[in-house]
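Please work from the sequences and hints to get the whole structure.
What follows is the residue order along each chain.
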Amino acid sequence: MAPHGCSYSALLLIICSVSVFIVTDSQDTTLSGGHHAAAVEDNPQAATEAAEKTSEQPAVEERRWEATEVEEATLHEAAADKQDTPAPETEAPSPVPQPKDDFQEELVIRPLHSGDIYASFQFRTLWETDFMSGNKVSHYRLFPKSLGQVISKFSVRELHISFTQGYWRTMQWGQPFQPAPPGAELWVWFQDSVTDVDGTWKELTNVLSGIFCASLNFIDSTNTVQPSASFKPLGIGNVTDHRFLRYATLPREIVCTENLTPWKKLLPCGSKAGLTVLLKSEKLFHSSFHSQAVHIRPVCQDWQCKTTSWELRQTLNVVFDLHTSGQGKREWSLFKMFSRTLTEACPLASSSKIYIDITDDPQGELFELSPATPLLSQAMVLGDRRTFSVYDLTQPVTFGTVRSLNPLIRWKSSEGDMLRPLLHAERYVAGYGLQTGEIHTLMYNNHPYRSFPVLLLDTVPWYLRLYIHTLTVTSKGKDNKPSYIHYQPSKDRLRPHLLEMLVQLPPNSVTEVTVQFERALLKWTEYTPDPNHGFYVGSSVISSLVPSIVAMDTNITMDRPLFSSFFPCKEESSFFVRVYTEPLLVNLPTPDFSMPYNVICLTCTVVAVGYGSLYNLLTRSFQIEEPSPGLAKRLANIIRRMRGVPPL
Amino acid sequence: MATTEVERRRGQLASLSIAAVVIIVGVPLWWRTTETYRAWLPVSQINELANLQLQLSADVEVVFARGTVTPEQQKKVPLTKTQDEEHTVDEDTALRYRYETKYRTANIMEEDALNQTSAADADLSLHTLSESLCGSLVVYVIPESSSLLPEDVDVYIGQRRTALLRNGAQMRVGRTIEQLLAHLEPRIRQVLKVMSFSHTDITAALSGRVRLSPGNKESIADSMRAFKSSPGYEITFSLLNPDPKSHRLHWDIEGAVQTYIQPLLTKLAPVANFSIDSQTLYYAMLGVNPRFDSSRNAYTLNSDSLAHVINPVEARLGSNAASSNPVLNFLLYAPDAQHSPLYIQDRQKQKVPSNAFHSPRWGGIMVYNVNSFYGPEAVFPVDIDIDMAKVMGVFLAQLRLLLGVQSTTTPPGFLVAPCSSTGLADWELDRLMWSRSVENVATAATTITSLAQLLDQIGNIVINDNIAEQVSSAVASLQLAVAELEAGNLGFALQYSKEAILASERAFFDPSLLHLLYFPDDQKFAIYIPLFLPMCVPILLSLLKIISDARQRRKERQAKKD
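Protein sequence lines, in the order shown, are assigned to chains R and B. Throughout the first sequence, residue numbering follows our numbering, covering 1 to 648 in sequence. Throughout the second sequence, residue numbering follows our numbering, covering 649 to 1210 in sequence.
If you're looking for bench data, these hints aren't it; they were derived computationally from the structure. Take these hints with a grain of salt, some might be off.
[Said to hold, decoys possible] Taking lysine-lysine pairs in the DSBU-like style, the calculated list, with each CA pair at most 30 Å apart, reads:
#1 K893/B x K153/R
#2 K264/R x K336/R
#3 K893/B x K336/R
#4 K1038/B x K136/R
#5 K100/R x K1038/B
#6 K336/R x K136/R
As structure tokens, this is what we get:
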């Protein structure tokens, strides 16, 4: 089986098949016939082993080499014989072809009010190709081959996958650029040509689990749902039939180095040049929050959307807690965060920039940034106008005289307060005992005067049996009737509960959604190896169009920073936000796992006892026994025996 | 007295009947409900397959052109002749080659075709006259005086399934037809060895089943180089650019694949399915540092160090996400500006002219130096167009080797036609199909027999119905493939052998075979001891009592008789 495992003598060989294609055109003088033969090293792996047998080898090789020359001579003749054969593509004037793919990289750094640092990497590969019409795409340049093959084999229209370690604290950190739930999340829109969506989904998750070294193969029908409204395609395409959508989360998934390495391998520059040199796992995983994601979708090239291209967006978000490790000083630099500095941009990238959010401190009173950069940029992000200092890595002047870039922020004072995020949510389990419980989901609308609708998506595993009649939605003490409810009950061991609701959140309010559930008893093989740890219930997803304070940009073709262009913005007055709640950890009644053996033993004993009495009844022979004489008579008899008189 | 006797008899009968119920109903019921499910397998047919008797039949047509036989001889020409050749490879494998030779004289159109000026033209027009079947051959015997062949050439092997054989000079008209045929026979056999299966090819194909004697190293090397037979192959071309800062490489891989690779693969379509991919990998380094050779003013890679080149690159190549077929990798490495030019050295310290090497059953690497495309004053990055004709020439040659299309060493006096634009002659394809069919049959037979052995040895493996179905279909396809090989229908034989190998692999690697593998019998008995012990003890005791009673009574009766 092992291709290199064989240990036979290494030989040198020249193959020469008389192959017509190599024949030179009479006009083309650069081609020479000598190229047609490939010198061949047989099994380099075995070379060392073979070295032991050198005594006989040279002879063989020599003979081989002689054979080479002879064959080459015949080849020349053959080539000469066939001069008339048209040689393909010899006169290529070859103007440099315009590459149809484009790569951009970007790093956004935002100091958070809690004293943490938020760093968000975005890598975008755009490729003008067509995965959708039947023809096979097989030649890759910047786009990674493994993902391209996945798209074309499984007819994927959109693929979003994220791996997250830690929970994003919205109240302390504000909204992230790319929200993601703890654990792994995967949602895929298939093309409408797919007939067996479930089978394709199963295969796709298995292949993706191989590509990303993750346990995505644990995705099956018991944790897959088809949300009807919460997850709309983010790219172009008007397919909104949710039969072609699959959504699954694995809240238990642990993200670590083995997921980062394959993720980095998808980038054209690997981890060798550009912003990717900062991605060293020993620092990245020493953080409060780590989230990496891959998003693939078709996007428009221009305003009219005449040509489409495929966008691969790889994002990595990380929050560093520098305050505690910084010995009380509030300052950070690239080197402190990543233990690397930047020296060059990725040569394949058409744009390579670092954005540092200085909105909170336009006058430089709060902190100072060095080296200072003259470039400033404004962008609408998450309903807010933010100001950024920009370092353009494609310009050599950025790196200065020391040929390395290491931006540094030093705080002067720790004042300043944060705008409260307009929407946030939390969730917990209430109740006691192991029979029933109640899930509470709280949604906060912090807007002072506007109410807005939100879509709540809840997926609950089948082993928590939801009592949907106990579902209540209350805001400000009053019943708040959802305008749309989509509920799909679970089937044991087949599919989870799916609950989707459209709820209007009144201004400056808390809306509470509660639903009661009963815990089911699992079969003994269905428990995890650590059943007393509890069972995870994935995060609720809250998607909403939140009213914006400033006018949003709706022009999709304008050159915008990548971090502000992920969610398409359809209208100026609102922006799209997705909020994930905490995953829940629920204890289920856990049996004693030696129970099956005990049950068998106990049953066998009961059966044996019953059988024994039945057997006795059937086989014993019964005899009428003389009634025993009374006590007086027995005493009298004893006395009589002592006296030697016959008994009564 | 009578009542107690009746009562005793009743008790005895009751315990006997309970024992009977337990033994007749209880034990089989328990056995049936706790046993592992094992579907029926065609064991006897599998055992037959363990002893592989293959017969390969090739149809050969020998056509005598005008001037090779006299009219009297023509009348005596036998219609058909069958020759068998038996080989015993090892105790379980035997081969028999059967050549069914038909003799006839050329018809008018064939005579016309043979009167053409060159052998290649004759070959082409003979091909248009009749479509020969896959695996069959036509040998035209042409007179010694014919001008079709050059002076020193006796045999011309065409691009299709025809060969031209020049009648020997000593075979003047007047000899008997028997002598003529006896003279022709060894030469026809030589032609067959080249154009159809040869014993070395077939034994090489059986290498997965039979341990070859270590005498013939070369043939082992040949047989180990090619990929194992598989229903499909993935071909991946990778352009490695370790220095994108200085070199901007462009390759027209799409066009090159269409022009050079696709015709060959179209031709090979009956053997396997192929899919082609290409990718560009940046910052991909080789695993060894090339040494600077000041005499040549170039960097060199020694053949010893080639073994270490592939490993770091392979980590980035990525496996094929979309299928599990074997991958053939072809890498084009353009050395970075600091290490250019780079040459591969053989063991004699000579430059390898093609600057390429290959690794058996893995793929090939070619080093493509780009430093000559720009001068010392060039501004980096420079745009470089890769000459695909040069690259594809090497890759195609390597591809032929890795797929097992071997260039045979021809005996002296043979002239092999240069192959057509497809890069593969029909008879070369036939040769490949012969050895692939035999290899598939041998592999599938080995898989099925070892599966049967395994299932036989480990009693508590569950055999599901679908596994039994796969095994049966594999066995059926195998039998069909063997039968088709015997009948000489090469195309069908290959088709059935592919089905056999697919079905056998699916059965062998079915995950359901692993269930309950670790649930041994002694545990099963231990669990049911609390049931068995209290049930069996009273039954056994009462049975013992009945037996001792009966013995007692017989003794009493005997005593009474005495």
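These are the hints, each one checked on the structure:
1. K893/B x K153/R: violated, 33 Å
2. K264/R x K336/R: holds, 21 Å
3. K893/B x K336/R: Satisfied, since the Cα-Cα distance of roughly 28 Å is no more than 30 Å.
4. K1038/B x K136/R: holds, 26 Å
5. K100/R x K1038/B: Between K100/R and K1038/B the Cα gap is close to 25 Å, so the pair holds against 30 Å.
6. K336/R x K136/R: violated, 46 Å
In summary, the structure is inconsistent with hints 1, 6 from the numbered list given earlier, while agreeing with the others.
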